[in-house]
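K.L.:
Sequences and hints are given; from them, build the entire structure.
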Amino acid sequence: MNYWQRKLLAFLHDPPHKALDIPGHEENRMTFARQAGFTEPNPFEWFDRPADWWASAADRFPAFKSNLRSPFGGTEHPFKHPLGEAALPVKEFPSPELLGEALQATQPGTERLQSDITGEERDRINFFLHWRRWPVETAQKEWRSAFQPADTRLPDHPIWLHNSITSALQGCGEKPALLLLQLGPVQDFIAQARSTRDLWSGSYLLSWLICHAIKAVTDRVGPDSVIFPFLRAQPLFDLLHRDEIYEKVRYTENDETMWDRLKVRPNEIVVPNMPNRFLALVPADEAESLAKEAESAIRKELANIATACWSWLDSKESMNESWRTRFDAQIKAFPQVTWQTLPWEASVDKALADFGTFGGKAASDLEKIKELGSPFLFNAGFMWPHHFAQVDRLLAARKNTRDFDAWMSEDTAKSGASKDTLSGKEEIIGTAKDWWERVRSNKDLKHLFRSGDMLGAINLVKRTWHRAYLAEEKELKAESALKFESAPDIAAGCWRNELPGKIAAALREDSRVPAELESLLKTLQAHAKDWGFGAPEEEITLQNIDTSLTRFSPGVFLPSSWKEKDGEEKAVIDALHTFYRATKLPKPPTYVAVLALDGDDMGRWLSGEKTPPLAEQFSKEAREEFGAKLEGIRRPLSPSYHLQFSEALANFSLYLAGPIVEHFGGQLIYAGGDDVLAMLPAAQALECAQALRRAFQGKEGLKDIYKVENTGFVELARPKAEQPTWPLIVPGPRADASCGIAYGHIKSPLQGLVRAARQAEKKAKDLRGEQSSGHRSGAFSLALYKRSGEIVEWGARWEGGAIDLFDYFIKEDEAISGKFAYALHDLLAPYNPASASIEDAPDFDAKAVIDLELARVLDRQVGKKDVRAELAKRANAYIEKLSDKHALTDLPLLFRAATFILRGERA
Amino acid sequence: MNNYELHPLDTLFFRDARPMTADAGSGGHGANWPLPTVIHEAMRARLLGIAGENRSGKTRRGHNGKNIMTEAFRSLRTIGALPCKKNTLYFPRPLDVLPSGEKATFLRPRANNTGSNNLPVKWLRVMMPDARPDKGTLPEWISRDAFVSLLQGEIPSLAEEKLFEKEHRIGIGIDPDSGSAAEGMLYTAEHLRLHDDVSLWCQASLSEIRADENRGQTLGALENQLVALGGESRLVRVQSSSVTPNIPPPRTRRIKWVLATHAVFRGGWRPNWIDEKDGKVLFKQGAEARKQGESRKDWRMRIRGGEGNEAPSIQARLVAAAISKPIHFSGWDIGEEGAKPTILAAPAGSVYFFEADTDEDAEALINALHGRTRSDFFGEKGMGLGFCGTWTDVAGRPMTGEQGMKEAN
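If you're matching them up, the sequences are chains A and B in order.
Read in order, the letters of the first sequence are residues 1 to 907 in the working numbering.
Read in order, the letters of the second sequence are residues 1 to 409 in the working numbering.
Just so you know, the hints here were simulated from the structure itself, not pulled from any lab data.
As a list, the in silico BS3-like pairs of lysine-lysine whose alpha-carbon atoms are at most 25 Å apart:
#, chain 1, residue 1, chain 2, residue 2
1, A, K610, B, K135
2, A, K763, B, K103
3, A, K399, B, K280
4, A, K361, B, K103
5, A, K175, B, K122
As the structure is a computational prediction, the values presented were derived from the model and not from experiment.
P.N.:
Structure representation (structure tokens):
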């Protein structure tokens, strides 16, 4: 019995429907073992029971007695959300046989596997397919299978995860260890960008590299060993197994491979959604070599990518071999990889004593739980919170020494060399006045590089690897999958989509419009291709104007899009100006927003500081038995909690973040776990942020993207083939997210906008406050960078009444004068002390002053009475929760921000 | 060394190598604190100006093939700049202090590494905080008194004190052909605006031995002069100062060396005077500053050893290092008419933890490091200025006297 066979037996040791048929579970598991290819009379003899004991002690409550029973299913006995305060009432099964049949029908086998794959490799693939496909295919047939609990008394984790953790521990032999690896730098590296494609490329390169590191580990010890990120159905992880596994499983009946059946879409593969670190459960005696292998995989893959980029560029515009030393040295200096391994402490007492020195409440909770049961029930698995906390703090300790090599002293040509224009750090590859000028005019390269670009090796890779490596060597066409939009395209996207309606309206008033438009579109069409813009192929006529319009890149309607440093297209600019003058149609907006959304307190969630009360996760019967004894004790961290937390984040980023951003006309740049970075039209950004937050919490939101029957679990409204059709767990109502949005002109430096969005996100985190429930409410913060140089910053908590007021102000824009915000600002500004040393008079009533001044401005600047009344009501609700000082400053800022977002520079 | 304060007349501009043009994607990043080399070069340039030596095109080839503009004032040594507010010096916050709740917490080297990790050398230990750090922020610059407290192993109140601001400025691109504003070519730049009562403190000295190179000028010529500092030739007025760092050296065998300015080491993060094999300090006893009349070669021999130098080595070793991401810097080489090579420096605030075998070794190491510039490069320009303090183990023991002897043995 080899390593993979024993792991598979561990994975099969509990049948997935055990909760429905505990007495029959031994017989049921034999059925699945036979179907998996085991012919021995009792194959489970080869499975190490300690793996099950460790997994059970890690995930469950070891003090339960065997005579304490709970049913599962229905509203009385729901599946509990692992983050708490949410539950999924899984309808009871009529009989275990029904689910047993579904499981048998979907259990993978090796009969479709290519016959030339034999021996241990065949067993490895068999295990992989059981881990990857069985839970998914069963859920597709019968969604309730996805939520069958491992223990009905503590129904907050599915049995699939228990089996997966058991097989991971089986692979660890006698001594498990944790391996935590992290890749960096992330934000600085991604922010070195000049376009949305640059932003994507940096993010995706990091995702790509960490995925290779993970694969180096999973190839040796199995995909079940990775605790986070959640890997099942992860598109990029699937892609890395396309050739070695999925393409080798054939369905002869319709000449398909498993890869064909998986229907992994390119636009899902190319979304950067891997976090920059992973945690794996590995054998202690192999932990260090696995860590080294993972690090080496990152460096090898980056070297492969770099070589492909060099060769590709060389084929387009000849490169001098003497530049190669510098190129290779710069590639070698990236990225920073840090890792830490930690063998599990076998003695529970020793681990508890150590945990007591730094674990705080989590440690004392474990002590109390341990007192409730017999000592023999508690093994090293029970100390998962200690193992995780210890490896986490050791990695943090490792990262305190940011080692680096002196830089490339052997490169004698550095003196006089220009620096990378995106990073300002590395010497450029190539010669500034010769090679780079040729690159920027080369027909195959000029659309990848813009005026002034001169890059070092790593930014050269970022700029070209999607073509040189992903498209040429991996057959992954990111550009067609993602359609990278420029800032002007995003700013003008919604405007272009609304254009047909506006034209129809204009037509009714002015018959010259069609002729002017036809002339403009023909001019645009004639020049668009040379400038790299999208344009319709067909001849534009009055009859097809509406459809032709939508085929133009939205940015073509902005005169500033046709101006570059090296020249301009005067005929087009004149045509655009003439059109806007003649038709009086509003010009497209020229401001975009960069949105940075980040889950709140993710470190605290991950470290177990925010896990729900343990008794609340129990079934009714278990709560009755133990509730009083567990007062104040939180659910201890467990591997299944970590897996589900990661799965919830993956579901949000894989299935929800992208469609939501697209719904608002934006471009998703990054969606990894709790972190979203996107570019959006200015007017839609805050609404998009709210929609993202609702999806993150599993609350009702955009109905054409997802629906919610039970908070914390979402169902895709229109799942594509192979996408989940069952309720998906998302972080849920106890989690929250904060958001920073930076608004800037389409010509604003992109690095500056991304940095400003990140800074705004940090400010939003500072605005968070306690809610009555004891949770901290998330917040948002806006930073508006006007072209005049003025910066307006405003933020508020999501739940503080600010959004209600903001949305109403935007909605009733037509009834409100454009001067409203400034009139209020001018009236309230004198009440703000110019210096901190000036104190308010003791009887100064700021809110009474605001009432009076607001009423005055409402009277003069708002046309409709009912709008005046509603604005006053909502404004009062907003400032009621603010301090006097903040009320005086924040209320006018809210209106100024809204006015600017509505009107742009006209504000 | 003479002490000076440089008082800016307006904003200052110290940018990196990223372009500032409107569509460059990067924007201006000019609100950085000036590098020590910038201070050195500005003062030397002014001295050359006073001596009438800054004529363009006058170069000769140096021994390494590089163009040398002039020999004058090559003996100039500078230290700084550090912020100075109302006669109080400010130092970069040491990186062994992390935010934790209301206060802060120290990082301390662990006795042994647990599990395995990929620290660059096996002998290096990880550091762990006393209390759990959080995402709070600590000030980038701290007062001299707070700096001294931290060196002595105490955590004072670390309130943020604003010394300067980043000021966003919108600039207009100029069309080189017409000399007028280029349409649509606005750019943003960040400038550094020091608060009114804040100056740049620095020290400078000139070698008396090489006075003949200096055209009869001394540092006194700088008094009240306007000096162009950094980008856009922004001006500062030079004034003598009575402020000195005055940091007391510790008495301990557990020595931490905190960088007050960035340091360029041949080994990247690792000073060249640390043996890569075992972390041993390679200085000889008596490794102090260059003596009057001592050649650089003799001085190196004296402090680092070599044939004919039988002085005993300082018995001490590096055990841990708190370092954040490196600083990349270069500059403009007038002789080469191009950018200088990019160099990586360990950032100011980095902390190197040492253990010495005996009190004598500890004293010798402190003498070699405290208040000196120990960068492998650009030490004469003020890189690698560091001060010594003490650190304690996890149990809070500082390793001094008899107890320290026992532990070391």
